[in-house]
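*Asks:* Each chain, written out:
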Amino acid sequence: MSPRLRRSLWIALLLTPALLLIVAFVTLPILSAFVYAFYKWQGLARVGFAGFDNFRLILFQPPFSTWTYNAFFHNVIVFVALMVVQNGTAFFLAWMLSKGLRLHRFHQVSLFLPVILSTVIIGFLWKLFLNPLFGLVNRTLIAIGLDSWAQPWLGQPSTALASLIVVNAWHWVGFPTLVYLAAMQRIPREILESAEIDGAGEWTRLRRIVWPLVAPATTIVVMLTFIGSFNWFELPYIMSGLEGPPFHSTDVLGLYFYRTAFGTVSAGLQDFGRGSALAVLIFLFILGISAWWVRLLRRREIDL
Amino acid sequence: MLKPWQAALYQALLLMTTLVMLYPVVVMVLSAFKSTGEIYDSPFALPDSFALKNLATIWRETRFLAYLGNSLLVTASSIALMLASGTLAAYAIARYAFRGNEAIFLFFLAGLMVPLKLAVIPLFIELRALGLIDNRLGLVLVYAAMGLPSTVFIMTGFLRTIPAELEEAARIDGASEGRILLRIMLPLSRPALVIAGIHNAVPIWNDFFFPLVLIQSDHAKTLPQGLTVFMGEYSTDWGVLFAGLTLSALPLTLIYIALSRQFIAGLTSGAVKG
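Here the protein sequences line up with chains P and Y, keeping their order. Just so you know, we're using this note's numbering here: the first sequence kicks off at 22 and counts up by one. Just so you know, we're using this note's numbering here: the second sequence kicks off at 62 and counts up by one.
The following block holds chain Y by itself, in its conformation from the complex (with noise of 0.2 Å):
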């Protein structure tokens, strides 16, 4: 038991470290409502109301709508092509037994450990002779791969868990193979999904490099990337670059607030034994 002057101590510890880190957060929404002269003149101060103008700016001035279109649709269908193949070739190697199992799971694995940015060269160069450079769909592939490692090691690890009982009295019963599959396992498999799904969103959407790499056209841009080009456009306008940071933080930050339990074991996950 800790002695109460101790907690009292540790207590006010996580106060101001809790306070560091949201500080900087409560200021950038604030700001996002205060004029460049206002954040000049008083940066402690709340803002003198809460206009929208920054934001309208953003949004009649900026391709803001278009670049969080381009994050939603690569990163929904990267996550999705992902969970996808990988459910599926997990369900291979937990559920089967046949020859190259061990090998081949450990082949996804070996993925894990491996930092992807550093072959973007010959990936460039792939995609280019494919007319997938300055391609969204190009992004969408590289990102689904890249999320196979952990996708498998996650699904593989979780359809190990579950009893043969079940398949076996669904065949007996004359289920096919895919029934099984699409019946039985994939309902399972849910909470599973959840985290495999969490773990690599959050990244993808926050990507940066690879767009950068890969995407040259305004239209095609993510959010991360969007982000770059209008902080340039708008350089000395400090109330709607604030402005323009919170709404690129906005949509993730509503969403962890409501599922915080999931994104810390989503993201988490693999770090942390089970």
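Looking at chain P on its own, in the form it has when it is part of the complex (with noise of 0.2 Å):
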């Protein structure tokens, strides 16, 4: 055997069980619901192509169209919601951290904890902490005289979202904040230091310095909070349930695709056909604005 031979077949050796590994798991699934979209199903059987049919359900004919509508504007509520709630926490709860202040190793590890937690134990728990008799929220806020504000957390539309969207908060907020503070700590001390000297103060150099700088940490924490947002599945599903009750106010595209897919009761019978043009739809949506967004964002970024 020629050396240039024994090397050749040397990397192929490398490189195959990646690669039948990603290609038979990850890149033939996905191309598969593609496919599979455009045929009529029968429970685990494909019964004849349907054309568009699938996609013109989900999008124009209600109540398909009614649910999907409705899922994808919570999804945009939970998208928003996150970015101001849990993310511009994260800026501020960085900008502390990186004064180096005492504790300040502490606080980052107490932080983080939740982060490393499955999102089963952490709705489960909140879901006890925000029961209506018993649990903490109400029992904290009675014990310190605000009993008006008790009320069923999850258990009426105004405000079951809101709260799945604070744990949620609550549950990541940690990721963000170590992003932010390892891009804080790459900022030359120089430039925040002249900065003072010329007398800018914090809340100056914060948003003139600082912001501008730790762009490439928004790029990243805008993408993943998107791409989670909008794969909402477990905490609503933990602490709400399937159908995303009390009626559909936490209903989300994940939940959504869950119920069409494999069935419950209110939603019928299983439809691996409507699921996975719908899986099409949320994954070109996905894909898409993240690439026009990445694009967007790269453009005011300054590298250090």
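Simulated from the structure, these hints should not be mistaken for laboratory data. We put the CB at the ideal spot given by N, CA and C, even for glycine. Possibly wrong hints are sitting among the right ones.
Far from chain Y, by Cβ distances over 10 Å, these chain P residues were calculated [to be verified]:
id : residue
1  : Lys120
2  : Pro178
3  : Asp219
4  : Ile230
5  : Leu234
6  : Ala236
7  : Val242
8  : Phe268
Straight line, CA to CA, 20 Å or less: simulated EDC-like cross-link-like pairs of lysine to aspartate or glutamate [claimed, not checked]:
id : chain 1 : residue 1 : chain 2 : residue 2
9  : Y       : Lys64     : P       : Glu214
10 : Y       : Lys64     : P       : Asp219
11 : Y       : Lys178    : P       : Glu264
12 : P       : Lys148    : Y       : Asp102
Covered stretches of chain Y, going by a simulated chain P footprint (3 or more residues, C-beta under 8 Å) [said to hold, decoys possible]:
id : stretch
13 : 193 to 205
14 : 306 to 314
Fit chain to chain and form the complex, with the hints in mind.
*Replies:* Now the structure itself:
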């Protein structure tokens, strides 16, 4: 065997296991979803070509389209709210942590603790805490004299989604905080110090120097929050339920997709055709917006 | 420099945040030792005694240990498969020039942005055809594949930084390609392997979605999935519920406290510039 051939075989041998795995369990399933969406399904069997029927039902035919837009709207709310509540908090926390005050390491480790825990644990824990009668949240409100604020947080449409968003922010806030912290620690001290000598206060430095210089971190945080928001499933599944109760007020695309694909009492029999069409639409939406955004956000980034 | 009042303000805000993060966890652990009546009557108090009654109930009456074993088995196997295959591929991409090198690298990277949850219908059909539904091996294969993009990304980045002289010197000494990989490259890669391992092990250990779709029998369920079974069965016994949550959170929390630096670096890798 020639050395050239030996070398080629060796390289092929190195690449084969990983390529086999990713093609079989990532590439192929994703491409298949695009094919499956154009078929009519009965249970686990394809029973005929459907053209764009599945897409038409999801986008234009009530009640399916009503459910789609309702869920989509909630995903948008979740994304916007998390950007403000979770990532806004994270930015300021990171700034305070970057000062290297006493206990800053302890603060970091505490903030990041919920991030490592399963959404199932976090979801059940907060479901117990939000229990109207015996939950920690209402008991605390009553204990500090805010009796009138105590309410069935997960049981009424006006507060259910907001409660889930706050729990999600509690669960994940440590992640964007540490991403921002790492970005802030890369800012050369001289820049901040000379601004200070020129009389720029904390707020001015934060707004005029830190915020523009951590733009790459913001790009990543926005992307991850976006993908996470439009894939939201576990937390509403555990804390509310598959139907997005009460009255579909916590229904999101993830729950709706799962119901459509695998069937429930209210959504009827499983429909792999409509499920695949929904998956394809969510997929294209996430990919399209991400690609557009990365280009947009990259333009305002400054490399240090 | 911060003025003293600013430092005091920041410290106060940070302490408050830490309290908000830790207090619920502390209540969870304390409630694990309380009876349901105690939780209802005095939610803020310390437990009357640190009795292990609730923990004993879980031990005796639920399959907690089986779930834990399944989670360990599935996570360890998928990480092993992912690291082994991913490192080999990254090694080829990082250390050999060949046609298609860049294209294969980009092919792996494309997987970074793909939400695989959306491909769960074809995955279900494919695994069913392979006889791997309701089978822990099915989970292992999906997880290993899902972790490959980040593994190849992290390992390729690291392997590219190893100086070529090391490799060339070994080659002149007559070492085979396989020997160079095993004896020189792998030992040097240990820090990157840890990062790639943690980056994927935590989400795999915590995952609920794929077991929900792919596993049905109780004996094959992983910990997060098993937790949903038992939260349903004991829904009125809050002491046992909190004990179950505490026990489920315990393994990862202990490792995290010991290795917080590696955990934070591992989980934020990719989102943070090295």
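*Asks:* Determine which of the earlier numbered hints do not hold for this structure and return their numbers in increasing order.
*Replies:* Hints 1 and 7 contradicted; others consistent.
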